Amino acid sequence: MPGLLPLLPLILLGGGAVAAMLAAPRAPALSRALAALALAAAAVAFGLRLPAPDATFALIVDDRLARLAGLVVCLSGLGSLAFLRPGGPSREGPALLLLATMGGALLSGATHAASLLLGLELVTLALVALFVLPLSAVALEAGYKFLILGAAGAATLLMGLALAHAATGSLEFAALSHRGALVAAAAALLLAGLAFKMALVPFHMWTPDAFTGAPGAAAAFAGAASKVAVVAAIVRLDTVGPPAGWGIGLALFGGASILLGNLVALRQDGMARMLGYSSIGHAGYVAAVLGAGAAGAHDAALFYIVVYAPALLAALCVSTLVGPEARIGDLRGLVWQRPLAGWALALALISLAGLPVSAGFFGKYVIFTALIEARAWVLLGLALTGAALGAYYYLRFVAVIFRRLPDPASPALPGAERVLLLLATGATLLLGIRPDLLLDALP
Amino acid sequence: MELTALILLPFFGGIAALFAPRWGRDAERWVAVAALALALVILILACLTPEEGRWIAFERFAWAPSMGLQVILAMDGLSAALLVVSLALGIVSVVVSWKITEHSGLLNAALLWTVAASNGVFLSFDLLVFAFFWELMLVPAFLLISVWGHGDREAAALKFLVFNAVAGLGLLAAVFYLGASGEVVTFDAFEIAGRQIPHGVQVILLLGFAGAFLVKLPVPPLHAWLPDAHTQAPTAGSILLAGLLLKTGAYGLFRFPPMLFPEGFATLAPWGLALGAFGSIYGALLACGQTDAKRLVAYTSVAHMSIVLMGLCGGVYFSLMGAGVEMVAHAFSASALFLLIGALYDRTGTRDLRELGGLQQNAPRFAAAFAVFFSAALAMPGTANFLGEALVITGMFQVNWIFASITLISLVVSVVYATRLFKRVVFGKSRRTETLEDLTLREMGPIVLLAVATLLFGMLPQLLMGALEGAVGAALAPVAIP
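Protein chains in written order, with our numbering: chain A, 274 to 716; chain B, 680 to 1161.
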């Protein structure tokens, strides 16, 4: 059935999830392998279809944006799977991760309220379960916060969609471009719902807990993969019909997130907490660029968030390796003790700080350029401030990683983590030298 | 391809040095020396076969065409002189850290990467690529201070990095604005130089550029990172900081403001003169009050680079030429002083002037070397430093006699600190230097090289001045599109 070909990645992810779920109780290793296989296959399917002609369905569209975002979501899911701790109560982890990835992939192609909500909820619910899997108090708190705030976000979103339907009689994205008070209110509520997923201020409260309490892999998925999917959804909404007042809202959320995320990250000594708060700041850059609305804003936002994903994955993977509670002092001399982990973390932090030779430098470039093109001087000022603060708190950690240590005692890294760190570092370096490879692939 | 090689050779040499320790003893050091020496040979060959016109060598190729990104490398006499400095100091810094065994693969890699990035700065005329190398310099220099430094090295490294990274953001924003504000996205400095930019915009953009350059230079009140960074850095790090990184700031000011923002530069130049005048006195006075020898030399760098800033902002032939000469001369003399103090510290475990002394009796080679570079530090006639400062003062008299007199006063103060350093280190008596081992052969090599360079350019000024002629002319009459 050639008509179903564009849906192949979703089918692979869904089928994989069922298979992994079935295998989980008896053979956790098999479940993990099945999940990895399904994710890899879905990524290949997205990747191979990148140049194919667009296909439109009632609820989703299969175009370059959807495929690229889907590809990145699948790869990030695969990356998260690499350091999802196997065994124990988290046997269902791989299956849940697949479901979350499927939600993200669905979200990347959503053109209709139903698929948007379905995608968002699939991600949220699967992640809630992933968060609480360790069954520790901190994990439960993280999951609880995520669930409560997620439900609030979903309710807001639903209300917005309902208002939009009341005003226009349609549930398609295009309907949101109509003018009128009701549609404006709908757009505002919709934006608030999406801002929750992006962890934008003031809907960011779940982030620090997720990064410290939840398993690192789940936090990585929430921080990287699901944000890529939401950015794709926002870009699509913006392309199909920019809702009224959308830009100002995004700019406000973005500006506040840049400021608050970076300022609070400045004071963190815990590695995971620092990453959590700084991820709010990074989401802020993307929202600010989308809100400022320059010609190249979509490309800039997508480029930035895609480049952010491998750096965050690598950083969180190392954070999981040294222990999620690691403070800055625990990273002392990491480069000498565990060379691969140390180097990968150093490069990831350098990329997050936006220094060359890393993809983050060009991330900074696209963000600043888009803000300059839009003549959004206030946002540019905020972004500069955020980048300055970021340079400080990221490199504080880099300095510690390279601290001299007398005894190079190195427990070997597990294989999956090793592959992930190598690939993430490779991607960060490659895009730091040839950023056009990604930029040309953007829709 | 020779210009690209000047950047890529040290860069890949650094990667090779990282893995070299497993190939054999001292392999990483030999790899580093070989990469730099090869680059030096390529540079000399390129200078011997100059192309027609303004540039000795010129290269242009696409990097990321869809982003408007291309590599434009151009070398004139100024770049060539600074590249010689950078490669020579690179070799010197590898040689002086020969005995450091801790993580020596990364150490040599960081030295080579610093050289590679600053070579990129000295050659790039695509502004985004320039900014790329500008930021790239920070990372290896940061590692040098924070891993192999002394005392509170991490705080010093972080301070260095934050000052420079934050100032670099202004440069980045200005560069991005220039790139995005044209009809097509381009960062080609020659093309941007041909644009008509409104005066007010020029001033704002120039402030972005100048912020980054002045912090790197550094000029008070933006110098707060330098004394700590210099003092805590290992000897090789101090050499590269003083000899190379400070020069990138001066180079940037030399090259870009007159080329890109001629009117804005004319508006801001008087402020630069005032800042330079203040810095030259301030740095010299603070140098007089230091007891840590390395800190003292660090403050003299502030004073000397402030004089360079005055020369650059003077905008007349003599002041610009003087600034160019002083840049090169200071690179040799300051790094030699850091080398000597570092060697002394390795032997005695102190840099405190109150505890040192007696070199003249106990270590005559040490004393002689100090004498040469002490004369350079106070700009004794016969050294290249004298030539540079004399030219700047001559130029200043054409611009404004007040600024000229201030420079003269700072020269008088420089006699005070240099004499004090010399007296405390070389004469007198000290328990700590009684059994001192004199400079070894491996240490004499770099010292002799730097001394010869200092004296050669002092005695035969035409060598250096002839090379700088083109760059000075361009800074006087900007915009020359090849």
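Don't take each hint at face value.
[Unchecked claim] With the Cβ distance kept under 7 Å, some of the chain B side facing chain A (calculated, not the full set):
(1) Ala743
(2) Gly747
(3) Ser825
Since the hints were made in silico from the structure, they are not lab data. This one's a predicted model, so the numbers in the text were calculated from it and none came from an experiment. Backbone N, C-alpha and C fix where the C-beta goes; we use that ideal spot for every residue, glycine too.
Hint validation: B:Gly747 versus chain A, beta carbon distance must be below 7 Å. Holds or violated? violated (10 Å)
Given a cut of 7 Å on the nearest C-beta pair, is the interface hint for B:Ala743 held or broken against chain A? holds (4 Å)
Hinted contact B:Ser825 with chain A - closest CB pair below 7 Å: holds (5 Å)
Of the numbered hints stated above, the single one contradicted by the structure is hint 2.
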